[in-house]
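*Asks:* Top to bottom, those sequences are chains A and B.
Under the working numbering, the letters of the first sequence match residues 1 to 267, in that order.
Under the working numbering, the letters of the second sequence match residues 268 to 597, in that order.
Derived by calculation from the structure, the hints in this document are not laboratory data.
One or more hints might be untrue.
[Stated by the list, open to error] Here are the simulated DSS-like cross-link-like pairs (lysine-lysine), alpha carbons at most 27 Å apart as the crow flies:
1. A:Lys52 / A:Lys256
2. A:Lys256 / B:Lys487
3. A:Lys256 / B:Lys595
4. A:Lys256 / B:Lys555
This one's a predicted model, so the numbers in the text were calculated from it and none came from an experiment.
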Amino acid sequence: MPLSIAVCVKRVPDTAADKVLDPADFTLDREVVEAILNPVDECAVEEALRLKEAHGGEVTAVSVGPEGAVAKAIRRALSMGCDRGLHLADPSLHGSDALAIAYALAQLLAGRGFDLILCGSESTDARTSLVPPALAEFLDLPGLVYAKTVAVSGSPGELKVRIHRERDDGYDVEEALLPAVVGVNWGANEPRNISFKGIQTAKSKPVEELDAAGAGIDPARVGLAGSKSAVLGAAARSAERQRIVVDDSDGQAHIKLADFLQAQGLI
Amino acid sequence: MSDVWVLVDHDRGAVSKVTQQLLTLARSLAAGTGGSAIAVFVGPGWTGAEALVARFGPAAVLVASSDELAGYQTGPTVEILARLIAERQPWGVLFASTAGGKEVAARVGARLGLGVLADASAVSLDAGQGNRPLVEHAAFGGAQIVRKTLRSAPYLLCVKPNAVTAVEAPGGQPPVEPVDAQLSGAARRVSIVETVSTAAGGRPAVDQAAIIVSGGRGLKEPANFSLVESLADELGAGVGASRAAVDAGWYPHSAQVGQTGKTVSPQLYVAVGISGAIQHRAGMQTAKTIVAINKDADAPIFALADFGIVGDLFTVLPALTAEIHRRKAT
Numbered sequence: 001m002p003l004s005i006a007v008c009v010k011r012v013p014d015t016a017a018d019k020v021l022d023p024a025d026f027t028l029d030r031e032v033v034e035a036i037l038n039p040v041d042e043c044a045v046e047e048a049l050r051l052k053e054a055h056g057g058e059v060t061a062v063s064v065g066p067e068g069a070v071a072k073a074i075r076r077a078l079s080m081g082c083d084r085g086l087h088l089a090d091p092s093l094h095g096s097d098a099l100a101i102a103y104a105l106a107q108l109l110a111g112r113g114f115d116l117i118l119c120g121s122e123s124t125d126a127r128t129s130l131v132p133p134a135l136a137e138f139l140d141l142p143g144l145v146y147a148k149t150v151a152v153s154g155s156p157g158e159l160k161v162r163i164h165r166e167r168d169d170g171y172d173v174e175e176a177l178l179p180a181v182v183g184v185n186w187g188a189n190e191p192r193n194i195s196f197k198g199i200q201t202a203k204s205k206p207v208e209e210l211d212a213a214g215a216g217i218d219p220a221r222v223g224l225a226g227s228k229s230a231v232l233g234a235a236a237r238s239a240e241r242q243r244i245v246v247d248d249s250d251g252q253a254h255i256k257l258a259d260f261l262q263a264q265g266l267i
Numbered sequence: 268m269s270d271v272w273v274l275v276d277h278d279r280g281a282v283s284k285v286t287q288q289l290l291t292l293a294r295s296l297a298a299g300t301g302g303s304a305i306a307v308f309v310g311p312g313w314t315g316a317e318a319l320v321a322r323f324g325p326a327a328v329l330v331a332s333s334d335e336l337a338g339y340q341t342g343p344t345v346e347i348l349a350r351l352i353a354e355r356q357p358w359g360v361l362f363a364s365t366a367g368g369k370e371v372a373a374r375v376g377a378r379l380g381l382g383v384l385a386d387a388s389a390v391s392l393d394a395g396q397g398n399r400p401l402v403e404h405a406a407f408g409g410a411q412i413v414r415k416t417l418r419s420a421p422y423l424l425c426v427k428p429n430a431v432t433a434v435e436a437p438g439g440q441p442p443v444e445p446v447d448a449q450l451s452g453a454a455r456r457v458s459i460v461e462t463v464s465t466a467a468g469g470r471p472a473v474d475q476a477a478i479i480v481s482g483g484r485g486l487k488e489p490a491n492f493s494l495v496e497s498l499a500d501e502l503g504a505g506v507g508a509s510r511a512a513v514d515a516g517w518y519p520h521s522a523q524v525g526q527t528g529k530t531v532s533p534q535l536y537v538a539v540g541i542s543g544a545i546q547h548r549a550g551m552q553t554a555k556t557i558v559a560i561n562k563d564a565d566a567p568i569f570a571l572a573d574f575g576i577v578g579d580l581f582t583v584l585p586a587l588t589a590e591i592h593r594r595k596a597t
C-alpha cells in the first residue's frame with residue numbers, strides 16, 4: 001500500500017556559530033549565521049524514506065521560510081531521497097511564532113491527501129516542541145510525538161501507525177489510524193549520508209513554491225503582528241561562574257569539593 | 268478571569284515535583300491577579316494524588332478522573348482542559364514545560380486560538396499592562412535571555428522544572444469539584460497499547476531532577492556509569508549522559524543532556540568525564556551551580572564550572588561519593 005508522506009523540515013543556525021538577534025525586532029538574524037538542516041528533522045526524513053522503501057509511495061519535503069536559505073534545506077532533504085519539495089515563502093511570515101508556523105504549515109498541507117506527516121520532535125534552535133502537536137491540532141488529526149520508532153501496518157482504508165514514544169523510564173507503545181502527524185525524536189535512526197548521485201538527482205526534482213495567499217493563509221494570523229506571543233526584549237545572559245579549579249595531584253580534591261557543596265547547601 | 272490554574276503533571280496519580288513548583292508559583296501569581304490558585308487534575312489515580320496536591324495550597328481542585336483515561340495519550344487531557352478553559356476563562360494555565368506538558372499546551376492553544384509560551388524560567392505579572400504575563404526564557408543554549416508576553420488570554424505558560432522553589436502551604440484539604448470526564452471520539456484517537464519500563468527506576472527523571480550527575484566519554488566504558496550512578500544516588504540526583512556516551516550506546520537517549528537531548532536547569536549539575544562541547548553546553552549551562560571533573564585541564568567544561576577538579580575521575584568519584592556519604596551520616 002503506497003504511502004503519501006510529507007516531512008516538515010526547518011533550516012536552523014549551526015550550533016557552533018554565534019547567534020545574532022536583530023536589535024529591531026529580536027528575531028534571529030538568519031542570514032548571518034551558517035544554516036544547516038535541523039538535525040532532528042534529518043531523523044524525520046530518514047524515517048520517511050525508510051517507510052517509503054518498505055511500503056512504496058512518495059515523500060514530499062515541506063518547509064516554511066525565506067527563499068534561498070530554506071530552499072537549501074529542502075534541497076538537502078531531496079538529496080537524501082525525498083521525491084519533491086513544497087515551499088511556502090512570504091515576507092508576511094517573518095517573525096511568526098511556533099503556533100503561527102504550525103497554522104501556516106497546516107494550511108499548506110491540508111487537502112493534499114497525505115497519509116502521514118512527519119516532523120522532527122523539536123528544532124535545535126527554538127526547541128519548543130510546540131509545532132508537531134499544534135500542527136496535528138490545526139489539521140484535526142491524531143498527533144503522536146517523541147517517537148523513537150515508527151511503523152505503518154494494515155490494509156487500505158485501515159492503515160495504522162504505531163510508535164514507541166520515549167519516556168524517561170522506558171516508552172509507551174501508541175497507535176492511531178492514518179492520516180496522522182508524527183514527531184520523530186533525535187536518535188530514532190542514523191540519517192543516511194548524502195551521495196553525489198543524490199545531489200545530482202535532487203537538482204531535477206520538482207519544488208512547488210507558494211506564497212501565503214496561494215496557501216490560503218490568513219495574514220492576520222502570521223508574522224510578528226499576527227503571532228499571539230510577543231518578544232519584549234532580549235539580553236545576553238551573564239553567567240558569572242566562580243571558576244574555582246583544583247588539581248587532584250594531592251588526592252584531596254574530593255574533600256574540597258564536598259566543602260564547596262556543603263557551603264552551597266547542596267549536601 | 269483572575270484564577271491561576273495548574274495542570275497537575277502526574278503518572279497515574281504519582282504527582283511530579285514540577286507540579287509542586289507550579290502550585291507554589293500559581294499562589295504567588297494569584298495574589299497579584301486577585302484570584303485563586305486552582306489545580307486541574309485529569310487522568311486516573313486522583314486518590315493517590317490528593318494528599319500531595321493539597322500540601323501545596325490550591326484553593327480548589329478540578330478533577331476529571333477515571334480509569335478509562337489511562338488508555339489514551341494526551342487527547343483526553345486536551346479535550347477536558349480546553350473545555351474547562353473555554354467555560355471558565357481563568358487568567359491562565361501553568362503547564363510543566365516537559366514533553367507531555369508542552370504537547371497538551373500546544374494542542375489546547377491551537378484548539379482555542381490562544382498563544383503558548385514554552386520553557387519559561389521565570390514568570391511575573393505586568394501590572395501596568397492589565398496583569399499580562401512577563402516570561403523569561405533562555406534561548407540559544409542559554410546564551411540569551413529573552414523576555415516575552417502573550418497577546419491572547421487565557422494565558423498558556425509552560426514553566427521549566429526547577430524555575431521556582433516549591434513551598435508548602437498549610438491549610439488542609441481544598442474543595443474538590445468533579446468535572447465532566449466525557450470524551451469524544453477525537454480524544455480517543457491515539458491509544459496507548461502498552462507501557463514498557465526499561466529503567467532501573469527510583470532516580471528522578473533528568474529533565475525534572477534538582478541535581479544531575481552526568482557522564483561522558485571519559486568513563487571509558489558503559490559499566491563505569493555505575494560510578495556516576497553511585498554519586499547520583501548519594502546526592503538524590505538524576506543521571507544524565509553526553510551525546511558521545513549516548514551515541515556509543517552506553518546510556519539511553521532519554522538521559523541525554525544537550526542540544527539533541529534534554530535542556531536542564533538544575534540546582535547542581537556535575538559533569539563527569541565530559542569535555543563540554545558546545546552541543547552539551549547548550550543543554551546545561553543554565554544550571555545554577557556547575558561542577559566539572561575531568562583529567563584534561565584544558566577541557567572547555569572548566570570555563571563554565573563553578574568548581575572544577577582536574578583529576579582522574581576513577582579515583583575522585585568513589586572518594587567523593589564516600590565523603591558525601593560520611594558527611595550525610597554525621
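*Asks:* Is the hinted pair Lys256 (chain A) and Lys595 (chain B) satisfied, with a Cα-Cα distance of at most 27 Å?
*Replies:* Roughly 16 Å separates the two Cα atoms, so the pair holds.
*Asks:* Take the C-alpha atoms of Lys256 (chain A) and Lys487 (chain B), compute the straight-line distance between them, and say whether it is at most 27 Å.
*Replies:* holds (25 Å)
*Asks:* Lys256 (chain A) and Lys555 (chain B) were given as a pair; does the straight-line alpha-carbon distance stay at or below 27 Å?
*Replies:* The hint holds at about 19 Å.
*Asks:* Against the 27 Å threshold, does the CA-CA distance of Lys52 (chain A) and Lys256 (chain A) hold or violate the hint?
*Replies:* violated (58 Å)
In summary, the one numbered hint that this structure violates is 1.
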